[in-house]
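Undergrad: Work the whole structure out from these sequences, hints included.
This is what each chain is made of:
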Amino acid sequence: MTKIITIGGIVKTPGSSKANETGAWRSMKPIVDASKCKACWICNRLCPDTSIHKGDKTIIIDYSHCKGCGICAQECPFKAITMEQEEK
Amino acid sequence: MARTVLKANNATAHAARLARVDVIPAFPITPSTLFPEQISTFVANGEMDCQFVPMESEHSAMSAAIGASATGVRTCTATASQGLALMHEMLFIASGMRLPIVMVVGNRALSAPINIWGDHSDTMAERDTGWMQFYAEKNQEALDLTLMAFKIGEDNRVLLPAMIGMDAFALTHTMEVLDMPEQQDVDAFLPKYNPTHCFLDPARPMSIGTFASPEYYMEFKLAQELAMERASKVIESVFSDFEKRFGRKYSKASGYKTEDAEIILMTIGSMTGTARAAIDEMRKEGIKAGLLKLTVYRPFPAEELYYLVKNAKALAVIERAYSYGSSGPVFTDICAAFQRKEKKPTLLNYIIGLGGRDILVSDFKSITSKAQETVKTGKPQEKSEWINVDQEAVERGEKQ
Chain A
1 MTKIITIGGI
11 VKTPGSSKAN
21 ETGAWRSMKP
31 IVDASKCKAC
41 WICNRLCPDT
51 SIHKGDKTII
61 IDYSHCKGCG
71 ICAQECPFKA
81 ITMEQEEK
Chain B
1 MARTVLKANN
11 ATAHAARLAR
21 VDVIPAFPIT
31 PSTLFPEQIS
41 TFVANGEMDC
51 QFVPMESEHS
61 AMSAAIGASA
71 TGVRTCTATA
81 SQGLALMHEM
91 LFIASGMRLP
101 IVMVVGNRAL
111 SAPINIWGDH
121 SDTMAERDTG
131 WMQFYAEKNQ
141 EALDLTLMAF
151 KIGEDNRVLL
161 PAMIGMDAFA
171 LTHTMEVLDM
181 PEQQDVDAFL
191 PKYNPTHCFL
201 DPARPMSIGT
211 FASPEYYMEF
221 KLAQELAMER
231 ASKVIESVFS
241 DFEKRFGRKY
251 SKASGYKTED
261 AEIILMTIGS
271 MTGTARAAID
281 EMRKEGIKAG
291 LLKLTVYRPF
301 PAEELYYLVK
311 NAKALAVIER
321 AYSYGSSGPV
331 FTDICAAFQR
341 KEKKPTLLNY
351 IIGLGGRDIL
361 VSDFKSITSK
371 AQETVKTGKP
381 QEKSEWINVD
391 QEAVERGEKQ
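So the sequence lines, in the order shown, correspond to chains A and B. Here the first sequence stands for residues 1 to 88, where the numbers follow my numbering. Here the second sequence stands for residues 1 to 400, where the numbers follow my numbering.
Derived by calculation from the structure, the hints in this document are not laboratory data.
Once the Cα atoms are required to be at most 20 Å apart in a straight line, the calculated EDC-like pairs of lysine to aspartate or glutamate come out as:
(1) A:K3 with B:E219
(2) A:K12 with B:D201
(3) A:K3 with B:E215
(4) A:K18 with B:E215
(5) A:K3 with B:E225
(6) B:K192 with B:D22
(7) B:K310 with B:E342
(8) A:K12 with B:E219
Far from chain B, some chain A residues (derived; all Cβ distances over 10 Å):
(9) A24
(10) M28
(11) I31
(12) S35
(13) T50
(14) D56
(15) I60
(16) K67
(17) C69
(18) M83
Counterexamples of contact, computed for chain A against chain B with all Cβ distances above 12 Å:
(19) K38
(20) R45
(21) A73
(22) P77
(23) F78
Here the structure is a predicted model, which means the values were calculated and not measured. Just so it is clear, CB atoms sit at the ideal spot from N, CA and C, and this is done for glycine as well.
TA: Structural data, given as structure tokens:
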């Protein structure tokens, strides 16, 4: 890809952070147990990387961008999310 | 053009009014408090269509200025000393995002010990933040340089923020007769800021304040340096445009009786007037002394300075700031700029007037005779010399 340095690092294409996949930074991976999830969407609201999306009955985690901070697992009142060591 | 009498704080506030600045976030600090006071008066009286935002700190004031400028409107603020130091982190962000904010700084000493009087420690400590720096000798210059800073910074070839230094009290609180430009003349000189790189338009969304990994970061920094180099040319053309329209001549560095001078004194800011009086007295006594005033410090006008001093025997760089463990900051710039030149004057460094200590005609005369002595003996200066300072008092204190 040809390098382009815009003035002040301004990106004229909106939503460009989607292209920057930060999921590779993760060492701990959140896993949802759909049988415990009540679809309360607390994790969806609290995810600092907007990597938890609302599904039909449970959440869908965007592993391409989730950095594995674990806030979702910490905040889930139903203990539906657990953090697992990620091995690559 | 109307003649009026104003302090530099008020004169620069008038410059912001004439420039039709859209947003001014500020936090008051001595000696620049009169600037936001004057702006709030203009806004309250309906004399200025501007969003004046009283902030809770200088860090917030610069953050708000960055936010405002990023929407694409003309933005200005003022601060001094500790306030400028508190802004430090945000100064890099303003220049890195290429936002042409203009900031008026009432040059004042830094704590500790607490001191509200004039020196250049505050702005000199910010010389590496990517801001252009201008220093005023008098109130008229503070007004004019503020107006010109908008035009220079907003130029598409530049897009950099600028700070205007005006010495605490000697300028900020001293009344001076000056010419107030007419609004229609300023409008013709300085059209509305119309950026193409960074603005707020829902129809054309953009991401600002972005992230750059090691593969990209260095190019952004090089872009800033290239903008500084282009600023050097833009400053010249704006200075000359201003002279044509308003009749006042500005130079990045200007010489006074330097053509045949053996000893040249270099000054910044309000002490220049005192130095000029000293030169006149010394010339009457047959001493071949000249004066070099630095108006633009960043970008550093190395070639212009060299051209003015190359035939002198000695150049005495006189500074109201110090880099502890080294020398005066301007002296290091001069040494770096002249090291590639074969023929150059003996370079000398004198530190004076820290924390508002008076700078007298006799000080410039004594510096000149020290420089003459160095030239005569050929013995180089071992280190920067502090003028008018009681070293014995320091030594007595250390023995206690």
